[in-house]
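**Q** Let the sequences and hints guide you as you build the complete structure.
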Amino acid sequence: MMTNTEVEGNFFRRASRWKLILILLVFLLLLTIIVSLNIGYAQISFIDILSIISKQFPFVDSMIDSSLLSPQNTSIILQIRLPRIIAGALVGAALAGSGVVYQGVFKNPMADSYLLGVSAGAAVGASISILFAAGTSFFGFRLVQVAAFLGALMAMALVYNISRVGSRVPVTTLLLSGIAVNFFLYAIVALVEVVAGDELTSIIFWLIGGFSNVLWLDLFSVTPFILIGITLSYFYARDLNLLALGEETAHNLGVNVERTKKVLLILASLVTAAAVSLSGLVGFVGLMVPHITRLIIGPDHRILFPASILVGAIFLVICDAAARVIVTPFASTLELPVGIITMLTGAPFFILLFKKKKDSYAL
Amino acid sequence: MVLLNVDGIECRYGSVKVLETLNLSVKPGDFVGILGPNGSGKTTLLKSISRLLKPHKGTIFLDDVDIYSLESIDVAKKLAVVPQDTSIGFSFKALDIVLMGRNPHMSRFQMESKKDMAIAKKVMLLTNTWQFANRPINELSGGEKQRVIIARAIAQEPKLLLLDEPLTHLDIMNQLEIMDLVKKLSSDGKIIILAVFHDVNLAARYCNSAILLKKGKIFSAGKLSKVLTSKNIKSVFNVDAIVQKHLVTNSIYIIPLSPQKTPQYRKYSIHLISGAGTGTGLMKILIDEGYPLTTGVLNVLDTDYETAKILKIPVIAEAPFSPIMETTRRKNLAIIKKASAVVVASVPFGYGNLQNLKTAREALGMNIPVYIIDELPIERRDFTNGKAKELFDDMKKNGAKFVKDQHELLALLHVSDEKLKTIQKNDIKYEAHLLPSTPSNKNMLHNEDE
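Here the protein sequences line up with chains A and B, keeping their order.
When you read off a place in the first sequence, starting at 1, and then add 6, the result is the number in the numbering used here.
When you read off a place in the second sequence, starting at 1, and then add 89, the result is the number in the numbering used here.
Hints are not guaranteed to be accurate.
Restricting the straight-line Cα-Cα distance to at most 27 angstroms, the calculated cross-link-like pairs of lysine-lysine (DSSO-like) are [claimed, not checked]:
#: 1; chain 1: B; residue 1: LYS248; chain 2: B; residue 2: LYS203
#: 2; chain 1: B; residue 1: LYS203; chain 2: A; residue 2: LYS25
#: 3; chain 1: B; residue 1: LYS334; chain 2: B; residue 2: LYS373
#: 4; chain 1: B; residue 1: LYS167; chain 2: A; residue 2: LYS268
#: 5; chain 1: A; residue 1: LYS268; chain 2: B; residue 2: LYS143
#: 6; chain 1: B; residue 1: LYS476; chain 2: B; residue 2: LYS493
#: 7; chain 1: B; residue 1: LYS398; chain 2: B; residue 2: LYS447
#: 8; chain 1: B; residue 1: LYS493; chain 2: B; residue 2: LYS508
#: 9; chain 1: A; residue 1: LYS25; chain 2: B; residue 2: LYS508
#: 10; chain 1: B; residue 1: LYS166; chain 2: A; residue 2: LYS268
#: 11; chain 1: B; residue 1: LYS166; chain 2: A; residue 2: LYS113
#: 12; chain 1: B; residue 1: LYS143; chain 2: A; residue 2: LYS113
#: 13; chain 1: B; residue 1: LYS248; chain 2: A; residue 2: LYS25
#: 14; chain 1: B; residue 1: LYS279; chain 2: B; residue 2: LYS166
Read the hints as simulated data drawn from the structure, not as lab findings.
**A** Pasting the structure below:
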């Protein structure tokens with residue numbers, strides 16, 4: 007039992023504790039990215055990697071002796087590995103962040119970033135575009151990406167409109183219409199798969215999700231959505247805490263519940279749509295990363311939200327690195343879709359953690 | 090100054106009217122209990138005051154401002170709610186929950202300040218929850234959790250506090266503790282408290298006024314003694330109830346009687362001799378079993394007299410605290426003559442009511458069966474120097490039936506009733522005067538207000 011002064015001291019140390027957690031996670035993320043840059047078919051030393059990266063920054067670049075760096079390695083790091091790793095971090099952050107938002111709004115541990123038909127909509131867009139026009143680009147962007155993004159937004163709009171009751175969007179009808187629309191859209195995906203023929207493998211790869219062949223250009227189109235969406239969502243962190251007490255209580259504590267819910271769901275769906283348009287349907291991150299983070303640092307969204315984003319980013323960068331190396335010994339041209347890794351590693355880890363802390367985890 | 094003003098609101102769920110042109114004004118310091126049967130609109134009233142259900146017509150003013158014209162956050166600065174459903178999605182600590190009550194007073198990017206913490210600590214000490222400030226809310230017991238929720242509401246520093254059945258699922262001690270706490274809040278006269286109650290007695294004990302709702306309308310409102318009458322309770326809840334001032338708590342106390350069964354009317358009629366509350370339970374049982382019942386002689390103000398009044402049992406009454414007069418005794422004998430049997434409850438006998446026992450003896454002499462409930466030996470309730478005991482022994486000799494409790498009594502009565510049925514199959518002359526409230530009972534001294 008804590009004494010009175012301890013409770014207060016504990017409370018006032020909270021802000022600095024939160025800062026420490028975030029600094030630690032940012033550091034971990036940077037470390038993960040650098041280590042991950044080292045992983046791949048071509049052997050490039052850490053010193054070279056650091057030199058290549060540092061060279062990109064003004065003022066620092068003059069201090070680096072670039073004569074020792076091979077142009078080939080520079081291009082592998084900057085043009086192949088780095089965009090891919092940044093994509094992993096962005097998608098991981100986006101899925102984990104929107105997962106936190108969905109779980110908070112729905113007060114439901116089963117909620118994840120794919121709940122409201124976003125994933126199914128993206129899948130329909132992507133699979134149809136792969137079937138009819140694989141490899142085509144659209145104003146410089148890949149058609150698959152544009153189609154997936156638009157499909158996701160259309161599915162979201164559909165779910166939202168079905169579940170609307172007057173000016174309200176009750177959580178139950180949202181969940182139910184989300185499930186219904188998901189089933190319907192996945193049926194279309196299945197239909198596309200049946201008739202796909204040669205393109206079936208591409209479709210399946212997209213559905214599992216991965217980052218092979220991600221270029222800087224692909225990143226530019228989605229990054230603004232993800233960054234702006236995440237930043238705006240964070241403004242509502244305290245409202246998410248209050249929503250956990252139930253919508254009526256949140257209302258009584260001064261939250262404009264309907265407005266907050268709408269803003270948050272639209273932001274989270276946009277962020278998810280942008281992420282899956284880049285990576286395909288990477289599973290597990292949006293469901294489990296928020297849970298794992300909550301188990302470790304507690305339910306307060308003011309720390310849970312940013313921490314989950316960083317954990318999601320770290321987790322997906324690591325998984326992607328694993329995806330690149332695991333099959334390499336067997337077939338150097340093939341690599342595992344990252345979605346398989348996230349699910350294979352994440353689920354047992356979560357179960358382990360869950361079993362340990364089950365008692366305190368009264369959801 | 091009137092702080093809360095409910096101005097002619099009408100609420101609907103779809104096309105169903107739940108509240109109808111409801112007006113109400115409450116001032117600071119008032120602790121108002123909202124009472125009424127299920128579906129009478131209690132929770133709807135709270136919901137419309139807390140802006141969860143916009144009235145179809147009319148509106149609600151708090152400090153002369155229409156609350157429906159305000160932003161949620163501005164309302165939350167003045168109005169706090171302790172809801173019925175207190176389930177919490179994630180495992181927040183008790184302190185976190187209480188600090189959430191400070192939300193309306195914080196700007197979007199602010200963290201809780203020292204002042205917020207000081208307020209949280211103050212209200213947690215007040216609600217006796219500070220000792221588990223760091224425990225997860227979901228690990229607390231029902232009572233502890235409810236106190237935390239109340240602490241959160243107080244942390245909002247509201248002018249109006251709404252409680253929606255705050256005592257559901259709580260044990261007696263926790264109920265009293267929480268009501269004491271709420272009472273304390275209202276006693277400094279600064280805030281208005283409106284609370285929905287299921288338990289009329291807890292409301293009667295703690296509130297200083299009450300609203301009785303029936304089918305979406307205010308049936309009665311005002312001081313407790315005006316609102317909580319057995320007549321009002323009968324018309325709103327459809328339950329007979331005994332309303333008394335409790336001897337110890339000095340507050341109005343209501344004893345609801347189970348809703349009247351539609352009894353199979355029997356012909357075997359009974360006259361009950363009781364007093365000092367010994368007949369109260371018995372009257373209800375006999376009526377429920379369908380026996381036509383009369384009673385007397387009872388003193389006005391006697392508990393049994395009050396009960397008889399509520400149950401509409403014809404009663405021969407004597408003035409309060411007076412011995413039974415000969416004229417009254419004769420009246421009693423007159424209705425006993427029409428009864429099939431006399432039941433004597435396990436009442437103490439003194440010189441004031443010895444006359445009743447003599448009457449019973451007389452009835453026995455006229456071949457009317459007398460049943461004596463002998464729960465407590467006569468020696469211990471005879472305050473007449475053995476005169477009552479003598480009468481008892483005499484009656485025993487002459488065939489009075491002694492039973493040890495009401496179950497045994499009912500068993501014997503049922504047998505007699507069956508016998509009567511077979512004997513008097515075609516005889517209808519008994520019916521007319523033996524059923525309660527028939528014209529022949531009119532001359533009796535009973536309930537003026539019926």
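**Q** Run every hint past the structure and note whether it holds.
**A** Hint-by-hint comparison with the structure:
A threshold of 27 angstroms between alpha carbons decides the hint, and for LYS248 of chain B with LYS203 of chain B the separation of about 23 angstroms falls inside it, so the pair holds. A threshold of 27 angstroms between alpha carbons decides the hint, and for LYS203 of chain B with LYS25 of chain A the separation of about 19 angstroms falls inside it, so the pair holds. The hinted pair formed by LYS334 of chain B and LYS373 of chain B meets the criterion: a straight-line CA distance of about 21 angstroms does not exceed 27 angstroms. For the hint pairing LYS167 of chain B with LYS268 of chain A, the CA-to-CA distance comes to about 26 angstroms; that is within 27 angstroms, so the pair holds.
Distance restraint check for LYS268 of chain A and LYS143 of chain B: the Cα-Cα separation of roughly 20 angstroms lies within the 27 angstroms cut-off, and the hinted pair is therefore satisfied. Restraint check for LYS476 of chain B and LYS493 of chain B: satisfied, since their Cα atoms lie roughly 21 angstroms apart, inside the 27 angstroms limit. Restraint check for LYS398 of chain B and LYS447 of chain B: the C-alpha separation of about 24 angstroms stays at or below 27 angstroms, so the hint holds. A threshold of 27 angstroms between alpha carbons decides the hint, and for LYS493 of chain B with LYS508 of chain B the separation of about 22 angstroms falls inside it, so the pair holds.
Between LYS25 of chain A and LYS508 of chain B the CA atoms are separated by roughly 90 angstroms; this puts the pair beyond 27 angstroms, and the hint is violated. Among the hinted pairs, LYS166 of chain B with LYS268 of chain A is consistent with the structure: their alpha-carbon atoms are about 24 angstroms apart, no more than 27 angstroms. Using a Cα cut-off of 27 angstroms, the hinted pair LYS166 of chain B and LYS113 of chain A holds, with the two alpha carbons roughly 25 angstroms apart. Straight-line distance between C-alpha atoms of LYS143 of chain B and LYS113 of chain A comes to about 25 angstroms, which keeps the hinted pair within the 27 angstroms bound.
Between LYS248 of chain B and LYS25 of chain A the CA atoms are separated by roughly 37 angstroms; this puts the pair beyond 27 angstroms, and the hint is violated. At roughly 15 angstroms between alpha-carbon atoms, LYS279 of chain B and LYS166 of chain B fall within 27 angstroms of each other, so this suggested pair holds.
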